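Asks: Got chain H; can you put chain V on it based on the hints?
Line order of the protein sequences matches chains H and V. Each residue of the first sequence is one higher than the last, beginning at 1 in UniProt numbering. Each residue of the second sequence is one higher than the last, beginning at 1 in UniProt numbering.
These aren't lab readings, by the way, just hints derived from the structure by calculation. Zero decoy hints are in this set.
A pair holds if it fits inside one copy or across any two, identical chains being indistinguishable in the list.
List time: in silico DSBU-like cross-link candidates among lysine-lysine, alpha-carbon distance up to 30 angstroms:
1. K11 / K41
2. K78 / K11
3. K41 / K78
Being a predicted model, the structure only gives us computed values, none of them experimental.
There are 2 protein chains.
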Amino acid sequence: MARVVVDVMLKPEILDPQGQAVQRALPRLGFDGISDVRQGKRFELEVDGPVDDAALARIRQMAETFLANTVIEDFSVKVES
Amino acid sequence: MARVVVDVMLKPEILDPQGQAVQRALPRLGFDGISDVRQGKRFELEVDGPVDDAALARIRQMAETFLANTVIEDFSVKVES
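Just chain H, same shape as in the assembly (with noise of 0.2 angstroms):
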């Protein structure tokens, strides 16, 4: 059994405001040095089967259909060894 692993994030252009709230938190609990953070989500998908060409193909039109809004959000697909 392989998993894939699913990343969904806003595009860079929409604004995140998880993300901005995490930033703005971390000076006041003593964190520094951080100029940006994004949230986004992350799918674990444990897949039956090889993890070939067409399994690959299959999760990637499952993410632009189902896991991400692609209006919104950019996806990638990975492979986890």
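Replies: Okay, now just chain V, sitting in the frame of chain H:
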């Protein structure tokens, strides 16, 4: 400027209703062959200055005290090339 990624996932023994909802929805949407889904958070931090051992130690402390709830969540810190 370097990017450091902090991934925060629920511990394996903690129930993940969000991931389960995604997993149960997939066959209805025509995607088969995914036996488990876990959903977590991904933080992308833009770090001022070099990402040396001291900076990574600070970010690990930040993740432990602030980004993750280590009672129920695991985290990993990665430097993105």
